[in-house]
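K.L.:
The chain contents come next:
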Amino acid sequence: MSADPVKPAPFARTRTRARTSLFAAGEPMVWLTGGGLVVAICMIVGLLGLILAQGVGTLWPQPVVEVRLASGARLMGEITRTETYRTGDGRTARRRLFRTGNFELTNEHFTWVNDADVAEESRPEWAMVFERMSWGRFYGRPKSLTVEGTVTADAPAAVWAGFARVHASVSDRREVRERLETEEIGEVNRRIEEARLAVRRAELRDGRDSPAHAAARAHVDAIQAETKAEFDRLRAEIAALNGHNAKFSIRVVTADGRETDLALADIVRAYPANRLSDGARWSLYASRWREFLLDEPREANSEGGVFPAIFGTVVMTLIMSVFVVPFGVMAALYLREYAKAGPVVSAVRISINNLAGVPSIVFGVFGLGFFCYVVGASLDELLFAAKLPNPTYGKGGILWAALTLALMTLPVVIVATEEALSAVPNSMREGSFACGAGKWQTIRRIVLPRAMPGIMTGMILAMARGAGEVAPLMLVGAVKLAPELPIDGILPYVHPERSFMHLGFHIYDLGFQSQNSEAAKPMVFTTTLLLILVIFVLNVLAVQLRTRLRRKFVSAVF
Amino acid sequence: MTAKTPSFTGRTRQRTTRWGVRFSDAFSRGLITVGGIGTVVSVMTVFLFLVYVVLPLLRPSATGAPVRVEAARAEAPAFFATDEYRLLGVRASPAGVFDVFRLDDGGSVARIAPFGDAKATAAQFDPVRGTALLGFADGSARFLRCRFSTAFAEGEAVPGPVRDLKQGRIRIHGQRAWQRISDTQVRHQGFDAAVDVELDAVHGSPVRLIDFAEGPDGLAYAMFHEDGSMEVVRTTRRKNIMTGQTTVRRTVFPVPYKARPAAGAPAFLALSGLGDAVSLAWADGRLQRYDVRSVSDIRLVEETDLLGDPSLRLTALRFLLGRFTLLAGDSGGRVRAWFVVHSDPGAAESTRLAVAHEFAGPAAPVTALASSARIRMFAAGYGDGSVRLYHVTSGKRLADLRATDAARPVEAVAFSPKDDAVSAATSPGYTAWDLDPRHPEATLPALFTRVWYEGAAGPEHVWQSSSGTDDFEPKLGLMPLVFGTIKATFFSLLFGVPIALMGAIFTSEFLNPRWKARIKPTVELMASLPSVVLGFLAALVFAPVVADALPAVLASFVTVPATFLAGAYLWQLLPYRWTLRNGGLRLPLMLAIVPAGLWMARGLGAGLERWCFSGDIVRWLDGQIGRAAGGWVVVLFPLVAVLVGWIGALTLNPILRTAGRTLSRPVCAALDALKFAALLAVAVAGSVALAFILDFAGLDPRGAVLGTYVQRNALVVGFVMGFAIIPIIYTIAEDALSAVPEHLRSASLGCGATAWQTATRIIVPTAASGLFSAVMIGLGRAVGETMIVLMAAGNTPVMEWNIFNGFRTLSANIAVELPEAVRNSTHYRTLFLAALVLFAMTFVLNTIAETIRLRFRRRAVEL
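Residue numbers (the numbering used here), protein chains in the order written: chain A, 1 to 558; chain B, 559 to 1421.
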């Protein structure tokens, strides 16, 4: 080595190599942070995809498969699920869950079938699916059809054709009977009940054995005598309809050869699953959706529709917004336009903001303790003393639920309205004052119109939050099955004291309280899809409004 | 206005405001002020109402002024009780004669001698059930039903002498007290005592001590005779279904007790509630407990000293409600509560009496004890004439009363059947007080600290609010629920916070704006996803999947991040120019390699199960098979990996950066990849080594963070609730990061920092308070979340950190129990307290977060 090495000029050397070091770019860490986002996106997409796929697919008619097991037993049904499992000796095997129905014969709705046990598998042409009012589905081959008490067809094709011809009239008669049972008899019962209440009221007001009391008692007797004839007429009518319908039945052979007669009146829908054309499949699919959206549930909510739940959710949300919007807007107007800004107002503002983060169940506890047990019980004593000890308002009901949720969503509306009010430029207020307008005129003509989209946004966000909340409703009035809707054709038309069904609570109930949870599961997915759709539509609407509002203000600033 | 001011429209200008405008102005001002303040106040009412419901929990019990009635002097009663309407009292002499008297003036109503001239030599009364067993000199016993009876008479059925009774007045007629309660109705009550069963002598010696217990299938009683023999008799009633006849079968258990000649005869006899154990106690405090479950094996279980002080004497011994806890009063004024506990959970036969509670009294002997018929409350009368009321579970002293001014001993105490009065008999007469125990079982220590419940081995935190039986001890420890809430929050934050914060950093710093405009609103939209949907998916879809593929799920927590890292190293190996131009491809690529990560998780999962969990993870977790090391590897690897990665970055990166100056970019990339592989290997080796060290040290993760697998568990809840809080944390964090002024970013990049350096050293520190507040708000959300935990957490109030076990949170507990809670009961108020705790927790968390966020926003503007 020479003692005097040639040193390159340090400046030149670094200059030629000047570039960002790969180790400083931190590419792996960037990927890791990106990973966080990607995982979140995957979960969102996966979740929505799962709900969409399951929710949309549930009502699609599946083919019916018949299997002969190695043991000789025969099964017929729709395949609902396939899974692999580990056998005792460590190998994996596949098994399928068959919806075999026929509960009254087999005492189970579902059967697991191991692939290893299957000796023969087929799709019989005339396998039919019967959806029934009770006992769930029935799978079997049609054997003969009885119309008006006589056997009219005994070949599958003829039976099916005959069934399609007469089923509509049988269903009509069943619907007439149901209407008679619920509406007409209900009306009669209501009259008697009202008369009895009048007796109790007279007793409370004037005491026992007073003239008013005696008169009311006499009135009850009169009504009872009067309604007896009515009752008898209705009963006879119902018996006639039932008797007529009893003459229609279909004889079905199950996969293992047992024969059963199914009453046509009990059948909601029947179809030869393996013979359906594409058009028939679609129309069946559409008819099931129609039933799901517009009919009442049957079979402990695991079949039928969710109309009462949709209706309950909508009515509850509407009542809630009727309360929450005026008060929320008033509070925001006060805080923004009238109150003097200072530490108190900003403390109130922070508190209101924080209330949005208070768990919903706390509001439920408040609703139960305050609305139902304090306000409701007092109302009962004042106005409905005759019905005590049965509570009228002193229990969960749609009004209390709506008020509870209104209290819960109040912060959302207040915050959104305040934001919208503060976004109205002060120059506009000042301009209005300068033209001689009063404060209220300014607010009404200048401020509120400009803030309207913001207020709407707040309202819609509040509705979305209220519609999806379940925890407080469990305490203040959502029930598994409400026999009567909160709004109906009976005076006074709106019944704010009634319990109601709710989509969110329906999901909870189906998933957790249902005894036939395997059959309920597809329904949960469909209900979930419906709820998510409602909420997302509301949210997207709010977002759209907000963007429009922002654009409007951007153009207003010049 | 006098001077006319012409305006340019030609009309006169109106200078005054029209009254309509003025009115609407004033009206709207008033309405909005009232409405606005009213709304704000009504929102605050939520908090006040919760406090209003909770406060009575902490109020002390109330007692009224003493009502004292002097009566003729009689011997000390063996039995003393008052009726439900507090009209009549009864006292029984030890010989078995009942004196019924009016409570208001002490006047005698009836004298009932159910045995005629026969005199009982020993008696035991059960005021709760209204039964008694008396032993006689010939060794026989008689079972007695003795209770107050109430009946109503109307119209003609009312006997003549009481027809003219005024409303509310009382008159004695035919040994019953009559009281008019309405214009038409008269209520009358009296005391009935009648022999129900005559029990023949088993041993013909006078009975000294007697005790009995009514079990589900019959009566069991114990007798101690004058001559020192003792036996337990169990009767079983069987009803013949065919003939309808009832036959009573008696089984006699002679108890060969260990005599103590020095101490004389025993003073107390106590038969446990099921009739399966009998205890003998001497005045010096010694107690012998015999197991009498089978005739062939009657044995002494233990001999213990109830007092623990030789100078004291045992002066009273009585069972508490449920006949399980023995109350022992001594001459020092103490009452100690004893019950049987299983001292060693392994052995079935090792039971012992333990003193769970001690209640100090005045410096006078305990002379009388009485148990309430409804709750675990007892009254103790003392030798100096004072009476004290205690609640056993909570140890709360409910009242301290004085029956007499003179220091005369209290001979008997009694609660009225509805617990609305307590009375004490003193030598002449008696004293009664109105009583409202309110909520004696709920004190702050009873709610939040360990409490020694009946039958438990020691004080513990338990939540068990209801049960089928009447004499059940409610266990209102809120700590298991608070613990469950913390556990749920911890695991969901552990999962949700890293993903949300990393996602926010990537979105604000590295994502191109077009993508950001799509992705951010989508994630925000998820914040409004109803939690009932997530709960349902967690419980019915996710929980079974996790149960099926547990090793793969565990592995995915490692493989998925590792895949992203590996992807980054591969990306670096690509030509620099190409990567520079196609930086936007990174996100799609990341999305594309997620399946690879999941696929690897499957493989690694199978491997893990074979190597670490002896082939079956569920049995391994249960502790049936395998050694601890495998579990330690899984638990430690993430920690070790983070540690190794961090240390590696600190030590290796400067060296590599210096070395990298002379190397070309592909070589640098290869070196970097090599570094990654090396660190991974070090992390694996390190965690395996550490696992074996811990294993050899005898530590086992099972029983701490791991344990028996339950399908609805903290892992599932953590995952799904983490997902539920990601949107809110992500949104607020991203807002905070985006709010950092652009000029800071530009300055940093202009000085030559890379985007990553800018992000970690400039942006994140500036936005730190905003990020913190995002996490706090997420925390608040997780604390109060109800539906997910209700559906997916199994709802068992256990206190263990095992990630594979369930728990019960405050919110889920409210949702489950409040609909069934009786209004204004202790249980109801305790649930309101739980709601108040939730309210306070979230309100404080949110206030902190909000204050920090506002401060951050102000600072960001200043920058």
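What the hints contain is simulated information worked out from the structure, not anything from laboratory work.
In this text the structure is predicted, and so the values were computed from the model without any measurement.
Among the clues, some could well be false.
[To be verified] Cβ pair distances, simulated, as ranges:
no.	chain 1	residue 1	chain 2	residue 2	range
1	A	E175	B	P1071	54 to 60 angstroms
2	A	R445	B	G1308	46 to 52 angstroms
3	B	A711	A	V176	51 to 57 angstroms
Just so you know, even glycine gets a beta-carbon here, dropped at the ideal spot from N, CA and C.
K.L.:
Give a verdict on every hint.
P.N.:
How the hints compare with the structure:
1. For E175 (chain A) paired with P1071 (chain B), a C-beta distance near 58 angstroms keeps the hint of 54 to 60 angstroms intact.
2. Distance hint check for R445 (chain A) and G1308 (chain B): the Cβ-Cβ separation is about 50 angstroms, which falls inside the suggested range of 46 to 52 angstroms.
3. The hint said 51 to 57 angstroms for the Cβ distance between A711 (chain B) and V176 (chain A), and at roughly 55 angstroms that hint holds.
In summary, the structure agrees with every hint in the numbered list given earlier.
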